[in-house]
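The hints should help you fit chain B onto chain A, whose structure is shown.
Listed here are the chains, written in short residue letters.
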Amino acid sequence: MKEFLLDAPVTEGFFAYLQNFGSVESLPSVGDGFHKFEKQDWFSIKGFSGDTTVEVRFKKEVMDLTADFVFSLFSSYREGKLDISVLKRREEAIDERVRKRLYGA
Amino acid sequence: MAIDQKPLIYLNNAATSWPKPPGVLEAIKQSILLPAFGSGRTTGTQGEDYATQARERLSAFLGSESPENIAFTHSATDSLNILITGFLHREKGECHVLTTALDHNSVFRPLNEYAQQHRIRLDTIPFSGCHVLPVSVEAAIRPDTKLMVMTHGSNVLGSVQDITTIGDILHDHGIYFIVDGAQTAGHIPLSLRDLPVDAYVFTGHKGLLGVAGTGGFYIRDPGTVEPVRFGGTGTDSFSLLHPRGMPERFEIGTQNYPGLAALAAGVEFIRQNEMLSIAEKMEKQTAFLVSELKNEENIAVYNEHPDLPIIAFNIRGLQNDDVGFMLARGYNIVTRTGLHCAPLVHKAIDRGAGCVRISHSWHTTDKECRIAADAIREIARNADPSVGKA
Numbered sequence: 001m002k003e004f005l006l007d008a009p010v011t012e013g014f015f016a017y018l019q020n021f022g023s024v025e026s027l028p029s030v031g032d033g034f035h036k037f038e039k040q041d042w043f044s045i046k047g048f049s050g051d052t053t054v055e056v057r058f059k060k061e062v063m064d065l066t067a068d069f070v071f072s073l074f075s076s077y078r079e080g081k082l083d084i085s086v087l088k089r090r091e092e093a094i095d096e097r098v099r100k101r102l103y104g105a
Numbered sequence: 001m002a003i004d005q006k007p008l009i010y011l012n013n014a015a016t017s018w019p020k021p022p023g024v025l026e027a028i029k030q031s032i033l034l035p036a037f038g039s040g041r042t043t044g045t046q047g048e049d050y051a052t053q054a055r056e057r058l059s060a061f062l063g064s065e066s067p068e069n070i071a072f073t074h075s076a077t078d079s080l081n082i083l084i085t086g087f088l089h090r091e092k093g094e095c096h097v098l099t100t101a102l103d104h105n106s107v108f109r110p111l112n113e114y115a116q117q118h119r120i121r122l123d124t125i126p127f128s129g130c131h132v133l134p135v136s137v138e139a140a141i142r143p144d145t146k147l148m149v150m151t152h153g154s155n156v157l158g159s160v161q162d163i164t165t166i167g168d169i170l171h172d173h174g175i176y177f178i179v180d181g182a183q184t185a186g187h188i189p190l191s192l193r194d195l196p197v198d199a200y201v202f203t204g205h206k207g208l209l210g211v212a213g214t215g216g217f218y219i220r221d222p223g224t225v226e227p228v229r230f231g232g233t234g235t236d237s238f239s240l241l242h243p244r245g246m247p248e249r250f251e252i253g254t255q256n257y258p259g260l261a262a263l264a265a266g267v268e269f270i271r272q273n274e275m276l277s278i279a280e281k282m283e284k285q286t287a288f289l290v291s292e293l294k295n296e297e298n299i300a301v302y303n304e305h306p307d308l309p310i311i312a313f314n315i316r317g318l319q320n321d322d323v324g325f326m327l328a329r330g331y332n333i334v335t336r337t338g339l340h341c342a343p344l345v346h347k348a349i350d351r352g353a354g355c356v357r358i359s360h361s362w363h364t365t366d367k368e369c370r371i372a373a374d375a376i377r378e379i380a381r382n383a384d385p386s387v388g389k390a
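Protein sequences appear in the order of chains A and B. Here the first sequence is numbered in my numbering, starting from 1 and rising by one per residue. Here the second sequence is numbered in my numbering, starting from 1 and rising by one per residue.
Just chain A, same shape as in the assembly (with noise of 0.2 Å):
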């Protein structure tokens, strides 16, 4: 587990943003809005809107193949640079490579 300390606040946009990447939880009326976001196999990002900090949990055994996709996340959104399709492509890639090492296929 590990918190990322954000320059910003936490958006509920942000989390409609990592949509596109996996599912998301939100509970509007809880405190400010909490969110969790789930990429099955690869990680979770939780938080709470207006809040700088996030909690990131990586499945441990593909950490080293998922762990600097966060960080493209994070940019992708901060920079407005919404065009996702070279993300996906990006999530495409690395996604073969976490199933072989999970399930060997």
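A portion of the hints provided could be inaccurate.
To be verified - In silico DSBU-like links for lysine-lysine, alpha-carbon gap of 30 Å or less:
#1 B:K281 with B:K294
#2 A:K59 with B:K347
#3 A:K2 with B:K347
#4 A:K2 with B:K6
#5 A:K39 with B:K347
What the hints assert, rightly or not - Label-pair ranges, simulated between beta-carbon atoms:
#6 A:K2 with B:K92: 44 to 52 Å
#7 A:F71 with B:R244: 56 to 64 Å
#8 A:K2 with B:D366: 31 to 39 Å
#9 A:T53 with B:T365: 22 to 30 Å
Read the hints as simulated data drawn from the structure, not as lab findings. Since the structure is predicted, the reported quantities are computational estimates derived from the model, not experimental observations. Note that CB positions come from ideal geometry on N, CA and C, so glycine has one too.
Coordinates of chain B only, in the frame set by chain A:
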């Protein structure tokens, strides 16, 4: 969310108690400010011998026959390893050992290591409701059962076990009885000399209000367990073999003086403030918290009548670690989530998913209990119970 504006509410005392009484902090400070005295390793006699002081206070507090029946270790887990290993050293060949599904990995892991090595055959007695029934213990006894190791108080369900009846049954069959008191020492009055237990394990950093890195055990007859660690004791130094007397039999190397000073001060705090009045306050808070949570449709409370200040629950539709995260980050309320090192309890109560545990202390206020209950209910009311429902 400006969580830093919310005061910290610490409900994880079953893991490590916090805050410590002022006297404990002062004792640690003094133990470091002044040189260490006593214990055969100095000519200084001007100050406290922390090990002796802690031993005397613990002995009186736990109702042991004498301070010589108390040994200090690094933790409850360390104590259990010493006792289990030292007891089995005396057994020739494989024997049968009992434990319970309520127990902690500090019991399971050493026992299962020995089972894997074919040193023992291990049976784990299930619990019914929140208790291990004496009749189940009796039924599990075999002709070659030599040892039973069990928890006194469940660290998940908060239920105190009937070690008097169970101990009597075991002793009728000549079975050695080691009790893990990690969750009960400091919470319930004990007179170990009057209980049918052969050894009782405690830790310093929970109910006894000391710090992590301290623990120990009471042993009725030290000769029943072989020492398993050897080295300097500050006594009998001409002997190249380890001394067999107490407490050196089980204590090696230089003691954790600040830790023992803290332990002595923690015990003194409980004594001065009367354990029963502290327990009475906590019982009321436990009852309040349970009633607040159990009436919420979305919350499953696993023991509605805990004997200890421990409440285990889940919110339907949410993972326990998400609830813990929300409480911590959204409300500044510290709990513990997951399996609590008690895997078989969770297998029985929540299919191994784990749960949220709240555990209050002498220091927890009624207002903090109210805030915590409101926060948990708020989360529960916003959860979708259909998510993840089997």
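These are the hints, each one checked on the structure:
{"no.": "1", "hint": "B:K281 with B:K294", "verdict": "20 Å, holds"}
{"no.": "2", "hint": "A:K59 with B:K347", "verdict": "23 Å, holds"}
{"no.": "3", "hint": "A:K2 with B:K347", "verdict": "28 Å, holds"}
{"no.": "4", "hint": "A:K2 with B:K6", "verdict": "23 Å, holds"}
{"no.": "5", "hint": "A:K39 with B:K347", "verdict": "26 Å, holds"}
{"no.": "6", "hint": "A:K2 with B:K92: 44 to 52 Å", "verdict": "51 Å, holds"}
{"no.": "7", "hint": "A:F71 with B:R244: 56 to 64 Å", "verdict": "60 Å, holds"}
{"no.": "8", "hint": "A:K2 with B:D366: 31 to 39 Å", "verdict": "37 Å, holds"}
{"no.": "9", "hint": "A:T53 with B:T365: 22 to 30 Å", "verdict": "28 Å, holds"}
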